[in-house]
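Model the full structure from these sequences, guided by the hints.
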Amino acid sequence: MPDTIEERLAELGTSLEDLAGIGSPSLIRGRGEHLRVAHRRRVALTATTAAVVIIGAGSMVALRPGGHQPAPVSPGSPDRSVSAPRVTGTPASSSSPAPAASATTAVSVDLKQHKMTVTKDGKVMRTILVTAGTAAHPTATGTFTVTDKLEKETLTSPPTSSGTYQVTVYSVIKLDANGPQMYAGPWNDGKFGKIDASHGDIEMSNDDATWLYATLKVGDRVQVQ
Numbered sequence: 397m398p399d400t401i402e403e404r405l406a407e408l409g410t411s412l413e414d415l416a417g418i419g420s421p422s423l424i425r426g427r428g429e430h431l432r433v434a435h436r437r438r439v440a441l442t443a444t445t446a447a448v449v450i451i452g453a454g455s456m457v458a459l460r461p462g463g464h465q466p467a468p469v470s471p472g473s474p475d476r477s478v479s480a481p482r483v484t485g486t487p488a489s490s491s492s493p494a495p496a497a498s499a500t501t502a503v504s505v506d507l508k509q510h511k512m513t514v515t516k517d518g519k520v521m522r523t524i525l526v527t528a529g530t531a532a533h534p535t536a537t538g539t540f541t542v543t544d545k546l547e548k549e550t551l552t553s554p555p556t557s558s559g560t561y562q563v564t565v566y567s568v569i570k571l572d573a574n575g576p577q578m579y580a581g582p583w584n585d586g587k588f589g590k591i592d593a594s595h596g597d598i599e600m601s602n603d604d605a606t607w608l609y610a611t612l613k614v615g616d617r618v619q620v621q
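In short: position in the sequence shown from 1, add 396, done, that's the numbering used here.
All clues given are correct.
Mimicking DSS-like on lysine-lysine, the simulated pairs with C-alpha atoms at most 30 Å apart in a straight line are:
no. : residue 1 : residue 2
1   : Lys590    : Lys613
2   : Lys511    : Lys545
3   : Lys613    : Lys511
4   : Lys548    : Lys511
5   : Lys508    : Lys613
Rather than coming from a laboratory, the hints here were simulated on the basis of the structure.
From a predicted model like this one, the values you see are computed outputs, not experimental measurements.
Below, the structure is given as structure tokens:
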């Protein structure tokens, strides 16, 4: 089939010459018009087909994995290509849990009962029989704190004392705020838990004093009443 206009015109001329010998002028004109209309339709169809092929090829290029382009992002919307990964889970707490409270040892001295009770976290650890200051040398009362511990110490009577003494005592526990000292007083054995016989300090047996010395720490509380 002829593809160019020149070829189509040449074909048309040949057809007209053929018709000149066998047809009338009106028939010749009708035949020529028919050929021109058919040619215009064929040209239009060819152009339309070419456009469809070009569009289809462009679509295929756009859909190919290698030719994919990111979709445009509208103003104000987050860029999907750099969006941060989603974080799940429970955030850590900004504050640490409070440490468990240490065990508390407390001492309560009942001067009237001549008795000492040692507790730890509210539970009685030991009950100790004691002797305290006489009426002439009363034992100080109140709530005190252990400030120091000495394995032994030499005690000397004050100059204003009615009697003089100098004695070495063991397992000494010192209290703050002019509180009494607590230590072993074996010379008063037989009076513990019964009567007051000291010059104001709290005395007990050697065994009880050794245990108390090992049990109490600096900072423990002692209540004397």
